[in-house]
Amino acid sequence: DTGVSQNPRHKITKRGQNVTFRCDPISEHNRLYWYRQTLGQGPEFLTYFQNEAQLEKSRLLSDRFSAERPKGSFSTLEIQRTEQGDSAMYLCASSLVPTSGNEQFFGPGTRLTVL
Amino acid sequence: KQEVTQIPAALSVPEGENLVLNCSFTDSAIYNLQWFRQDPGKGLTSLLLIQSSQREQTSGRLNASLDKSSGRSTLYIAASQPGDSATYLCAVSSNTGKLIFGQGTTLQVKP
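Chains as they are written, first to last, in our numbering: chain A, 9 to 123; chain B, 34 to 144.
Simulated from the structure, these hints should not be mistaken for laboratory data.
Keep in mind it's a predicted model, so treat the numbers as computed, not measured.
Incorrect hints may appear among the rest.
Said to hold, decoys possible - List of simulated lysine-lysine pairs, DSBU-like, C-alpha gap at most 35 Å: (1) B:Lys75 x A:Lys22; (2) A:Lys65 x B:Lys101; (3) A:Lys79 x B:Lys34; (4) A:Lys65 x A:Lys22; (5) B:Lys75 x B:Lys143; (6) B:Lys34 x B:Lys75; (7) A:Lys22 x A:Lys79; (8) A:Lys19 x B:Lys75; (9) A:Lys65 x B:Lys75; (10) A:Lys19 x A:Lys65; (11) B:Lys101 x B:Lys143; (12) A:Lys65 x B:Lys34; (13) B:Lys34 x B:Lys101; (14) B:Lys75 x B:Lys101; (15) A:Lys19 x B:Lys34; (16) A:Lys65 x A:Lys79; (17) A:Lys19 x A:Lys79; (18) A:Lys79 x B:Lys75.
Bound-form chain A, shown alone (with noise of 0.2 Å):
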């Protein structure tokens, strides 16, 4: 499969529990984003990546959160200290630029929820 992939799948922690995901990319796409779901929502922007570089992150990404692409190739978005307001689907995605246009291409995600 050379589509997006993503986990855990699934993550049920306690509050206050430390948590990592990891994203893999499509093969040599050069963007990877990382997004945020709740339930009845469309999905909001958290940070994103230029091969290693991170370029912009939201104003949602908390000092709690932190996210790393150490190598240009998978990505890690860890969310300290969890809050029960954390839990939600954790969407990865990643496009080629300039080649497609930025078309960006997600993977299945990570579900999280906080007790």
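Chain A is fixed; fit chain B onto it per the hints.
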């Protein structure tokens, strides 16, 4: 601040009907517009991408149009099928690449 609105929020049609989903955005300075499909509990599947210089794109039974000046896009689905039942999301992109999404239209096609 860019805002994207999709109307209607939900739609139920009988199988075989042609239908139109609407998307509007407040800032016409967009880089491109994408339509996605999302099945319950799943990720997003890209359906069509329209660059800002284009007016429409077609893929099979789907046709998407873009009118930047009026801040509108439509997704036309021909001869709808029960398998088309899903949530359809519209998203606009600035030149930085981040997508701003509407809240989606949930479509049910009844056999």
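Checked hints:
1. B:Lys75 x A:Lys22: holds, 23 Å
2. A:Lys65 x B:Lys101: holds, 27 Å
3. A:Lys79 x B:Lys34: holds, 33 Å
4. A:Lys65 x A:Lys22: holds, 26 Å
5. B:Lys75 x B:Lys143: Since the Cα atoms of Lys75 of chain B and Lys143 of chain B sit roughly 21 Å apart, the hinted pair holds (cutoff 35 Å).
6. B:Lys34 x B:Lys75: Distance ~28 Å between Lys34 of chain B and Lys75 of chain B Cα, so the pair holds.
7. A:Lys22 x A:Lys79: Roughly 31 Å between the alpha carbons, so the hint for Lys22 of chain A and Lys79 of chain A holds.
8. A:Lys19 x B:Lys75: holds, 15 Å
9. A:Lys65 x B:Lys75: holds, 24 Å
10. A:Lys19 x A:Lys65: holds, 23 Å
11. B:Lys101 x B:Lys143: holds, 33 Å
12. A:Lys65 x B:Lys34: The given pair, whose Cα atoms are some 16 Å apart, holds under the 35 Å limit.
13. B:Lys34 x B:Lys101: With a Cα-Cα distance of about 16 Å, the restraint between Lys34 of chain B and Lys101 of chain B holds, given a limit of 35 Å.
14. B:Lys75 x B:Lys101: holds, 30 Å
15. A:Lys19 x B:Lys34: holds, 33 Å
16. A:Lys65 x A:Lys79: Between Lys65 of chain A and Lys79 of chain A the Cα gap is close to 19 Å, so the pair holds against 35 Å.
17. A:Lys19 x A:Lys79: holds, 25 Å
18. A:Lys79 x B:Lys75: holds, 28 Å
Checked against the numbered hints above, the structure violates none of them.
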